[in-house]
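Chemist: So the sequence lines, in the order shown, correspond to chains A and B. Quick note on our numbering: the first sequence kicks off at 29 and runs consecutively. Quick note on our numbering: the second sequence kicks off at 3 and runs consecutively.
To be clear, the hints were calculated from the coordinates, so they are not data collected in a lab. It is possible that part of the hints are untrue.
DEER-style ranges, computed between Cβ atoms [unchecked claim]:
| id | chain 1 | residue 1 | chain 2 | residue 2 | range |
| --- | --- | --- | --- | --- | --- |
| 1 | B | K401 | A | K152 | 21 to 29 Å |
| 2 | A | G42 | B | G138 | 39 to 47 Å |
| 3 | B | V148 | A | K139 | 42 to 50 Å |
| 4 | A | D238 | B | K202 | 36 to 44 Å |
| 5 | A | A262 | B | D152 | 44 to 52 Å |
Remember, it's a predicted structure, so these values are computed and weren't measured experimentally. Ideal Cβ positions, reconstructed from N, Cα and C, are used throughout, including at glycine.
Okay, here's what each chain looks like letter by letter:
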Amino acid sequence: MSALEIKHLFGLQGVSKHDIRMILDNAKQFREILERPVKKVPSLRGMTIVNLFFENSTRTRTSFELAEKRLSADTVNFTSGNSSVKKGETLVDTLRNIESMKIDIVVVRHKGTGVPKFLADNSKAIIVNAGDGAHEHPTQALLDMLTIEEKLGTLEGKNVTIIGDIRHSRVARSNLWGMTTMGAHVTLCGPSTLVPRNTSLMDHVTWEPDVKKAVKDADAIIALRLQKERMDDALLPSMREYRNTFGITNELLEYAKDKVLIMHPGPINRGVELDSEIADGEHSVILDQVTNGVAVRMAVLFLLAGGRANENA
Amino acid sequence: MRMRKEIPLVNLVLKNAKFWNGNSFEPRGEIRLDAQNGFVAGSNKFETKEIDCKGALVMPALFGLGLDFMEPLRDDVYTFADGFDAMHRGGFYGGLYESAANPIDDADTLSAMNHRLDSQASNRFDIKFLGAFSKGFGSDSLAEMVELADGEDSERGGVVGFGDGNAAIPHSRFLRLAMEYGKMTGKRFFFQPMDKTLRKSGCVHEGAYSDMLGMKGIPRIAETIAAYTVLETARFLNVPVHFKQVTCGETLELVRNARKQGMDVTCDVNLYHLLLDDSCLELLDSAYHMLPPIRSAEDRDALWAGIVDGTVDAVSVNHTPVLRQDTEVNFEDSVPGALSLEIALPAIWKELSARVGEARAVDLLSTAPAKLVGASVAFDESANKVANLVVLDPNKPHKVVEADFAGHVCNSPLLGKELPSSIVGSYISGVWTEG
C-alpha cells in the first residue's frame with residue numbers, strides 16, 4: 029500500500045480516489061479495533077497533536093481527541109475561549125507559539141474559509157481540517173462515506189441525497205466532492221434561499237427542488253442541521269414551514285426506497301430537519317456515523333503521520 | 003524605509019529612447035531635459051545626468067486615482083513620505099487623494115492636510131484632494147462642502163470633488179441632500195457604488211468560486227442598484243458624477259445609457275480588476291482580498307470591453323497599504339486592499355497598449371485621470387515648465403519583490419509574480435529615480 033498523495037487534509041475537493049480509498053480502508057481496520065476490548069494502538073506514540081478549535085465544538089473535538097488517544101498520541105486542546113487569540117494575537121503568532129512546543133499535527137476548526145491551508149503555508153506541522161467556515165469538513169464526509177460503504181457495500185453507483193441548508197454547509201461541500209469522486213451520484217435539495225446561487229457546484233451534482241423527487245431514488249439521505257439564525261436573517265419564514273416542506277418525516281419516506289439510510293451530521297434539531305421517530309427509527313444510521321467518526325479520524329491522523337495501520341494493529 | 007537611489011534636481015539627457023510625441027512613440031537619439039524648464043533649455047547650476055534608454059519608452063508620468071497614505075491618523079501603517087516614494091518609483095507625478103483614515107470633511111481638516119503635505123521635503127507631486135460629502139464618511143450629516151471647495155488658505159486650492167471613500171450611503175434622502183447642497187460648488191461627486199444591505203458581510207465576488215469555497219459573496223447587483231440610485235439622483239439634480247472602481251459590465255451599461263441621455267458621468271476601473279479574476283480565490287490568499295471584490299473572468303472581459311469602447315475614462319490605482327499583521331490572517335478576516343503605485347505601469351502597459359493602442363493607453367493612465375480632476379498634464383514639449391516623465395522598458399520582465407515597495411508594507415497580489423515590463427526610471431519635478 030502506497031502512502032497518501034496529500035500531505036495535509038484541507039478538504040476533499042481535488043483529493044484523489046486513491047487517497048479516499050486508502051483512508052476508508054484504513055478506517056475499516058480501525059473500526060474493527062474499536063470493537064476489541066483493548067481499543068488502543070501504539071501507532072502515534074511519541075507524537076503530539078493539538079486540537080486548535082476557534083469555534084465551539086463538542087462532537088468533532090471529542091471525536092478527534094478520542095481518535096488521537098486511541099492512537100496513543102499526546103494531545104493538547106486549545107480553544108479560542110481560553111487563548112490569547114481573544115487578546116489580539118494573530119493567527120500566525122498563535123500557530124508559531126504552538127509550533128514552538130514541538131507539535132506534530134494540528135487539527136483546526138475556524139470560522140474562516142482556508143484557515144487550514146493558511147496554517148500549512150506558515151507551519152511545518154501536518155494540518156487536518158476539522159471544519160473551516162462554510163468551506164469543507166472533510167472528516168465528516170469521510171465518516172459519512174464509510175457509513176454508506178459499511179451498510180451498502182460500495183459508494184459506486186449509489187444515489188445520495190443531501191437536504192437542507194446547502195449554501196452554508198461545509199458538510200455538504202465535502203460530501204459532494206468526496207462522494208462524486210468515489211462514484212456516487214449526489215442530489216442536492218433545499219429551499220432556494222439556502223442552496224448555492226450559482227451553477228458551479230451543480231456541474232457535479234443534480235439539483236432537485238422537489239423534496240419528494242429528491243428522495244425517490246436515494247440510497248442514502250443526509251439531512252443537514254438547520255441553524256436557527258437562518259430565521260432571523262430572513263432566509264426562511266419559520267421552522268414550521270421548513271419542517272413541513274423539507275423535513276424528513278414518515279410521510280416523506282413513503283416516497284423513498286424501503287431500505288434508504290437516514291444520516292445526519294449532528295446535533296439534530298428534532299422535529300425540524302428530522303422527526304424523532306426517523307432519527308431513532310430503523311432507517312437511521314446516525315449513531316453508526318458517530319462511531320465511524322472516530323475510526324475515520326484515526327485513519328486520517330495515522331496515514332498523514334506516514335504510518336500503516338496493519339503494521340501496528 | 004528602503005529609499006531608492008535618488009539624485010535631487012538634475013538636468014537629464016536621455017539617449018536612444020522612443021519618445022512620446024503626443025500621438026506615438028518616435029525614436030530619438032537624444033532628449034535633453036532641464037530640471038526646472040523641461041524641454042526648454044535654461045541655465046542652472048544642476049548636474050547633468052545621461053541615461054542610455056536602450057530603446058525604452060519615454061512617456062508622460064502617470065496620474066493616480068485613489069491615493070491614501072494614511073497619515074496622520076494611521077502613520078503607523080504608512081506616511082506621506084512612503085507614498086511619495088511609491089509614486090516616484092512607479093512614475094506618478096500626481097494623484098487624487100482621498101483620505102479614508104482622515105476624512106477631509108471640514109475646512110480645518112483640509113487646512114491641516116495641506117499643511118502636512120506641503121511640509122514634506124519629498125513632495126514634488128501634483129496632489130489633488132477629494133473632500134467628503136458627509137462628516138466622517140458614511141454618516142448622514144453634511145460635510146462643509148462649500149468651504150472645502152473654496153480652500154482659500156491654500157495654494158493648492160480647494161477639493162476637486164466629493165466622495166465618501168468606500169462608505170455606503172446611509173439612505174437615499176441623504177444622497178439627495180448631499181448632492182443638492184454640494185451642487186452649489188459645481189464639483190463632481192465620486193462614488194464607489196455598493197449597496198450595504200446586499201453586500202452585508204460579503205467579502206468576495208458572489209459567483210462560482212464563492213459557492214465552491216463557501217465564502218460570503220458580494221453580488222453584482224450590490225453595485226448596480228447603488229449605481230442606479232446615484233444616477234437617478236444625479237439626473238434629477240443635474241450633478242456630475244464619477245464611479246470609482248467599476249467591477250462589472252452591468253454598471254458600465256448604466257454609464258453608457260446615462261451618457262446617451264446627456265448626463266455628465268465618468269468612471270474608472272481598478273488596475274487589479276483588469277488583471278485578475280475570481281479564480282484567484284482558490285489560492286485562499288488574503289493578498290487577493292479587495293473591496294470592491296475581484297469579479298469573474300466574464301466581468302473582467304466586460305471591463306476590458308468598456309476600456310476599448312471608451313466607456314471607461316481612466317485606469318485607477320487605489321493604492322491601499324495594509325499592515326503585515328492585517329494580512330497574516332485568513333482571507334475573510336484580512337483587511338482588503340493592495341499597493342499598486344510601484345507596479346501599476348509595468349503590470350498593465352503591455353496588455354493595455356495591445357488592446358487599445360499606445361495613445362489611448364497613455365490617455366487612460368495619465369492624461370484622462372488628470373483632466374478628470376483638473377490637474378495639469380505631465381509634460382508639454384512646447385511649454386517652459388517642468389517635464390514629468392517615466393521611462394519604461396516594455397519588453398524587460400521584472401519579478402516583483404518586497405524591496406520594490408516603499409514603506410514597510412508590501413501587500414500586493416503581484417508580489418513574487420513576473421511583470422512583463424520594467425521601469426527604467428522616472429523624472430518628476432527635476433528629480434530622477436531609477437527603477
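Chemist: So which of those numbered hints doesn't the model satisfy?
Modeler: 4
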